[in-house]
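Which chain is which? The protein sequence lines are A and B, in order. Numbered per the numbering used here, the first sequence finishes at 200, counting up by one with no gaps. Numbered per the numbering used here, the second sequence finishes at 1666, counting up by one with no gaps.
Check before you lean on any hint, since a few could be wrong.
[Unchecked claim] A few chain B residues that face chain A, going by a derived Cβ cut-off under 10 Å, partial list only:
(1) His-1076
(2) Ile-1155
(3) Lys-1267
(4) Leu-1318
(5) Ile-1319
(6) Gly-1322
(7) Val-1360
(8) Thr-1364
(9) Ile-1373
(10) Phe-1429
(11) Ala-1433
(12) Pro-1576
[What the hints assert, rightly or not] Footprint (simulated), chain B over chain A, 3 or more residues, beta carbon under 8 Å:
(13) 88-97
(14) 109-116
[Claimed, not checked] If you anchor each label on the Cβ, the simulated ranges turn out as follows:
(15) Val-1048/B with Gln-113/A: 33 to 39 Å
(16) Ala-1476/B with Val-32/A: 46 to 52 Å
(17) Glu-71/A with Thr-1589/B: 50 to 56 Å
(18) Pro-1388/B with Thr-171/A: 36 to 42 Å
(19) Gly-172/A with Val-1048/B: 56 to 62 Å
(20) Gln-1423/B with Ala-39/A: 52 to 58 Å
Derived by calculation from the structure, the hints in this document are not laboratory data. Virtual Cβ for every residue (Gly too), placed ideally from N, Cα, C.
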Amino acid sequence: MSDLPEPSEAATDMRRSLVKRLWFVLPVLVFVVIAVVLAVTLGRQSNEHARDLPSALVDKPLPAFNLPPVEGYEAGLSDADIKAAGVSLLNVFASWCGPCRVEHPIWMDYAKQPDAVPLFGLNYKDQPENASSWLKKLGDPYRKIGADLNGRVGIDFGVYGVPETFIIDKTGRIVFKHVGVMTRKDLDETILPLIARLKG
Amino acid sequence: MSAELGNYALILALVMAIAQGILPLVGAARRNDNLMALAAPTVIGQFVFISMAFACLMYAYVVSDFSVMNVAANSHSDKPLLYKFTAVWGNHEGSMVLWVWILSVYGLAVAAFGRNLPPALKARALSIQGLISVGFLLFSIGTSNPFERLDPAPINGNDLNPLLQDPGLAFHPPLLYFGYVGLSMPFSFAIAALIEGRVDPAWARWVRPWTLVSWMALTAGITLGSWWAYYELGWGGFWFWDPVENASFMPWLMATALLHSALVAEKRDALKSWTVLLAILAFSLSLLGTFLVRSGVLTSVHSFASDPARGAYILGFLIFVGGGSLALYAWRAPSLKAGGTFKPISREGALLFNNLLLVVGCATVFVGELYPIVLDAINGAKVSVGPPFYEKTFVPLMAPLLLVAAAGPMLAWKRADWPGVVQRLRLAFVALAAVIALVYALHGGPIGPAIGLGIAAWLFTGAAVEFADRIKLFRAPMRESLTRLAGLPRSAFGTTLAHMGMAVLVVGSVAGTAWRTETIAVMRPGDQAELAGYTVILNTIGESKGPNYTAQIAEMRLERDGELRDLMYPEKRFYPVQGTQTTEAAIRTTWFADFYIALGDPDEASGGIGVRLYHNPFVPWIWIGASMLVLGGGFSLSDRRLRVGAPARRRVAKTQAVSASESSNA
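Bound conformation, chain A alone (with noise of 0.2 Å):
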């Protein structure tokens, strides 16, 4: 390979008008390259943390609150009972929240699965009328409610938009926040593995 042969004019004409082609492939290969480094991080953005915001109390404790009960109903909902249940999830809903409504079936399907762990629900800023009957028509999937009136507890819980829903372990740690509608997809692909690894 060291012994080239002299390049002819025709030859070193068509090396010119080659490399004056590498310039104008070059934009789409930088191109190429940028998608493909999006397409990675969109597949494990839909993989491991959708609509993982991080909330100031995510790995800490749950914070100390007593909350009474929705009208109707017998008992409220305090931390400690969170703390017994062991692995368990909290979901904020409200009955004026349109997306609640959408996510709502998809708690009452999980509350009825055999292997389910103890859903727990915040009633956020409700009209004590409008929660019951919101529970009442479309079924309550939650095994205790406490109603948050005011809010107080929400913020305690830095809950930014409703609906939301937080994952405790074992320990009463909170250590997943979800914002949002609660999808099938999410529910599988990211709520499920994690119980089951904070179960094992």
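Once you've looked at the hints, dock chain B against the given chain A.
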């Protein structure tokens, strides 16, 4: 009913867009006039149907129809009427409808004003517009339908994010969209030119006004967003290098570059394939911005309800548009004939230098933007790239850019007499040296801000001298100067105004960043705090109630040397429906500095309230400078040489030349 009607209208618009995207393109390839002529009616049809859909959505918001999921999720019956309107685009689904609507407005503009365009170029460009529209309409109907119903309907809605309930932010998104979407025009013309295999000055003359319009809209939109962040977020800052800010800043940098390179393409028939590339990149970056904001790849205060499915769609579309057009570029651009040649020291040279710096600047922002994402993709590490990165990379790149911006307009085309230009810049040299020395003497400390202000003085003086030379101010009798002034093309005013505005903006951002002082205090009524020679006394703290919020309002006396300067009323608002708080800072401006007060949280131990005070020198100059940029753009746009259709006779000749060359190509 309105929701179903809107949905139906969107679908009809999609049908129109498909026709617009295919038929004229086929017509142009086959030289079939009837097919090409279909562009105009399909554009009009699309505009009508999208307008209908938009009106239906707006109606649902105004009457608070909570059976529409989008309305329930983003509105509330107590919300003021203005924000019922603006909530239409304050959310992902509605903003996509606004996006396609703006796209259809631009299409309509081409159909209406483009009578003098070569018919094949016009048909192709409109077809490309149609294809873009198909992409976005499919996205809207398929993954983010704003008309989805909710059954049973909730009693009331979830309200709009209170941060967005603000007059500044109400018009920030539409302006930005006008900019983003406007960049689709140069893009469509670039693709059409690549298909035809020719770029001529007439092409550049067509592309420039569209670029100018979108550049002005982007400038105004970004400024409005920055202004909003300044007074609403309560941090006292105006630019945070937040990923979403960057997402709009990158297309702005590209549009600025395109604006200048199109000038060379128009006047000198040079830098043609470069201009085409910039047009492609500018629009691709707009799409990239959309992808980053809506896919959830970046989390930020601005994030719309993000969803990986939407992200996947936009990424696919971005790959189709960006990858497809760059591949077309790689294939066709080498055959574009190179035009006029020039020496390095010439106006073309200066503009090319400007372009290179803007593109490199854009690339550094791009790296800062994507580095955390790339790192996350490689090893899952979470890092964030903040202002220090940009201050070390982007800011120094802008220094030579601004230096050359003063000289550029003085250089002659093709080959410039550089000693003469240096001679004409001597006043600017004096200003540069004087400001650096003065600032350094007065403030000492790091030399960076002094250099920044010196460069601003250089640019301002250079622009002023160039303008004075044009009208022979002080060198000819006043009467002659005035005649010359009246005879100047408006684009000359535009250039001068925009370059001066840039200088003013640089002063604001450099001084505002470097000399800002702040203090944080916990105050009870009667307490006082000192900052920058002012004394602030907290008079009272009271409660007040707005339509959909409650607020804490403080009354503060601002005094200097024992004299009352102003009473200021900073507010902290609490929106119960969403359970969020917003800060309404009180700002007193002297045009040379802002005194800025933001209320913090109550301090329970002492019974006082946290107060943050900022003294921000020269920050108002940022808004003044940015307004000058937009105004300068407006002057250029109103130039009759740029006004569509003005050089009609010449263009007819060009049209014949184009069709002649086309038939020889075929």
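Just pull the numbers of the violated hints for me, sorted ascending. 3, 7, 8, 10, 11, 14, 15, 16
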